[in-house]
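Each chain, written out:
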Amino acid sequence: MAFISNLQISDLAVLLFFIGLYGAMSQRNIIKTIMSVGIMDIGAITFFMMANFPANAKPPIVGTPVEQMADPIPQALMITAIVIGVSVIAMCLAMYMRVAYRYATADWHILTRRLEK
Amino acid sequence: MVWSESLHLVVLAPVVAGAVGFFLPKRAYHWLLFFVNVVVVTIAIMLFREVRWGAEVVQLMANWPQWIAIRLVADLYSAPLVALTAIFFAGTFLFSTKADYMDKTFLFLFVMLESAIIGMFLSGDLFNIYVLVELGMLIIAILIMYKQDKQSVYDAMLYLMINFIAMAFMLLGIGYLYRLTGVLDLAALAERLPLLENPRAVIVPYAMIMTAIAVKAALFPLFSWLPRAHGAPSAPAIVSAVLSGVQVKAGVYLLVRLTQVFGPVIDAAPFFMMLGFVTSVVGFLLAIAQKDIKLILAYHTVSQVGLIVMGLFLGSEVAFWGGMYHIINHALFKGLLFLTAGIIIEEYGSRSYAEIRGVLRRMPAIGIGTLAGVLGITGAPFFNGSISKYFIQQGLQGDFGGIAMFLINLGTTLSFVKYSVILFGKPSVDKPLKRDPFVAVVSLLFGLACLAGGLFGGPTVALVYGPQYSAGGALSAQKLITFALTLAVAVGAYFFIVKRIGTFLTSVRTFKFTFNQVTVFMTLFFVSLMGYVWFTVA
Numbered sequence: 025m026a027f028i029s030n031l032q033i034s035d036l037a038v039l040l041f042f043i044g045l046y047g048a049m050s051q052r053n054i055i056k057t058i059m060s061v062g063i064m065d066i067g068a069i070t071f072f073m074m075a076n077f078p079a080n081a082k083p084p085i086v087g088t089p090v091e092q093m094a095d096p097i098p099q100a101l102m103i104t105a106i107v108i109g110v111s112v113i114a115m116c117l118a119m120y121m122r123v124a125y126r127y128a129t130a131d132w133h134i135l136t137r138r139l140e141k
Numbered sequence: 026m027v028w029s030e031s032l033h034l035v036v037l038a039p040v041v042a043g044a045v046g047f048f049l050p051k052r053a054y055h056w057l058l059f060f061v062n063v064v065v066v067t068i069a070i071m072l073f074r075e076v077r078w079g080a081e082v083v084q085l086m087a088n089w090p091q092w093i094a095i096r097l098v099a100d101l102y103s104a105p106l107v108a109l110t111a112i113f114f115a116g117t118f119l120f121s122t123k124a125d126y127m128d129k130t131f132l133f134l135f136v137m138l139e140s141a142i143i144g145m146f147l148s149g150d151l152f153n154i155y156v157l158v159e160l161g162m163l164i165i166a167i168l169i170m171y172k173q174d175k176q177s178v179y180d181a182m183l184y185l186m187i188n189f190i191a192m193a194f195m196l197l198g199i200g201y202l203y204r205l206t207g208v209l210d211l212a213a214l215a216e217r218l219p220l221l222e223n224p225r226a227v228i229v230p231y232a233m234i235m236t237a238i239a240v241k242a243a244l245f246p247l248f249s250w251l252p253r254a255h256g257a258p259s260a261p262a263i264v265s266a267v268l269s270g271v272q273v274k275a276g277v278y279l280l281v282r283l284t285q286v287f288g289p290v291i292d293a294a295p296f297f298m299m300l301g302f303v304t305s306v307v308g309f310l311l312a313i314a315q316k317d318i319k320l321i322l323a324y325h326t327v328s329q330v331g332l333i334v335m336g337l338f339l340g341s342e343v344a345f346w347g348g349m350y351h352i353i354n355h356a357l358f359k360g361l362l363f364l365t366a367g368i369i370i371e372e373y374g375s376r377s378y379a380e381i382r383g384v385l386r387r388m389p390a391i392g393i394g395t396l397a398g399v400l401g402i403t404g405a406p407f408f409n410g411s412i413s414k415y416f417i418q419q420g421l422q423g424d425f426g427g428i429a430m431f432l433i434n435l436g437t438t439l440s441f442v443k444y445s446v447i448l449f450g451k452p453s454v455d456k457p458l459k460r461d462p463f464v465a466v467v468s469l470l471f472g473l474a475c476l477a478g479g480l481f482g483g484p485t486v487a488l489v490y491g492p493q494y495s496a497g498g499a500l501s502a503q504k505l506i507t508f509a510l511t512l513a514v515a516v517g518a519y520f521f522i523v524k525r526i527g528t529f530l531t532s533v534r535t536f537k538f539t540f541n542q543v544t545v546f547m548t549l550f551f552v553s554l555m556g557y558v559w560f561t562v563a
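Each protein sequence line maps, in turn, to chains A and B.
Convert by adding 24 to the 1-based position in the first sequence; the result is the number in the working numbering.
Convert by adding 25 to the 1-based position in the second sequence; the result is the number in the working numbering.
In short, the hints are calculated from the structure, not lab data.
On a predicted model such as this, the values are computed, not experimentally measured, just so you know.
Possibly wrong hints are sitting among the right ones.
With a straight-line Cα cutoff of 30 Å, these simulated DSBU-like cross-link-like pairs (lysine-lysine) come out [said to hold, decoys possible]: (1) B:K172 with A:K56; (2) B:K537 with B:K459; (3) B:K537 with A:K56; (4) B:K451 with B:K524; (5) B:K129 with B:K51; (6) B:K537 with B:K524.
Label pairs and their in silico Cβ distance ranges [claimed, not checked]: (7) A:I134 with B:R386: 41 to 47 Å; (8) A:V107 with B:F47: 33 to 39 Å; (9) A:R138 with B:F481: 49 to 55 Å; (10) B:D292 with A:I33: 30 to 36 Å; (11) B:G427 with A:S111: 31 to 37 Å; (12) A:Y46 with B:V533: 50 to 56 Å; (13) A:Q99 with B:K316: 40 to 46 Å; (14) A:Y46 with B:F538: 50 to 56 Å.
Don't be surprised by glycine CBs; every beta carbon is placed ideally from N, CA and C.
For reference, chain A alone in the conformation it holds in the complex:
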């Protein structure tokens, strides 16, 4: 069981990424694939946040002693990545609504068959 107790958050984040990838490969429902892609993105973001994170580090804000601070670069970068992720997911969902109105299906396979030739 040492294997499980040695797991770190960044390992779990990689696991989350691949769960999302599995969902994108296997799910036929469009909404579920959009969710899977979102999970992949979140997994990558979590992994990045935990990069070079010393145990018990404090948030890098004014007042924290420098030696206890977490690395501020990943945190600053990941705010950007989160914003991008949210906007792309929102746009995917908006596009899906258009597609659903036009073809009346939530299934990739049926959708591919119903496309105009």
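We have chain A; now place chain B onto it with these hints.
Relative to chain A, chain B alone:
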């Protein structure tokens, strides 16, 4: 002007002009953007001059110390592509002064795309590249579904989701690299990666980032998004032209850049070389099966990108610069072909090559432009394609190389024999619609550039990149005979084979991969690249 303090202006100029001038009426806004683009072209050419005959220009943003700051770099790889992008966008703005599908929002998104592409070329920071690629991806998704007719929303959604998965791969890879090295700057990464105790640790992030870049550069088997995006029925001609001409090249450029960064630790050149060859062959096979003229061109972009990647990874210096030159050439002739195809579709009201006849007679200028593009892409003597293909071929060794090149040339010629059918014959109506004179001017200018790039091929490469190679061999008797032979075989094959297997081609044409299958391909690509690197890295 001090270059090392003003490089960001080149990136910002288009988008700032687009935002500031947004209150203007549409026509004025369009002309404003055109003139801003002319200014950007001038600056980009001056920048290129500085880089080519002076020194590399590096800017550290916001005065942060080196390796922490976001770095902008203009060097011999990026400066010509920045100039190319600016020239290309200026041309498309001039081309579309009277187009009625454009409103101000469209124009604004279009200049924003220009800024994103130029920024991608100039940035020397991995995360910055990631953000700009995501920005470009969102804008392109909006642009290809702008008219919202037919299945364009589906095409855009598929494009967005496939590319978003690719970018998630890239983000995870960047995270890994940051954990290993603690830097994101490309030059710093190149310096620190060889110092790692265990170089095998780089394999996973390498495979992740390269999978993402391979999707962007549309390598086999990850290109299925490209024809949908570039040949989307509803995408305006200028969007298709920019996507095929410049935006795909950003993927190829990143491939070159990152290969150099990882170079000291990981070398997967044979993998990418073979992949380029396969991409090229599959691209033209699918192009032959298409009926829609824009889709023929779009699949052809896949094929030509394969050829470029093959040249870049052959491991020979001539072939490398041949590949770099082919990037410029392909931008010129494919941009020209997409622009004229848009006008042809508008004029005839049809996208099927079987229903369009006599373009040369009905619209001489557009016809001549198309012809120049076709001659360029097939590598006809005196046109630019012949020079870069000749350079790439010089890097190929032995019989396999000769056969591979002949096969690619044959496929290219065959699909363009099919395409040029639209030029000849008798048009149903002789009177063309009234058009803006700039349309003809831009088509002819691009066509002239194709011819000039061929006539002065060797000197152009020497001027742009520096190395001196003689392109005289591209006009040798043997080459001319090979071209004539290829053309004859292609015409024969078109009439005796392609025309008789219509049902087979229809089934190829209508076959589509679903989103799930594309994702499986991406995973397979990731795993096989990782496996390849695993067994080759010491």
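(request) Please write out, lowest number first, the hints stated earlier that are contradicted by the structure. (result) 2, 8, 11, 12, 13 and 14
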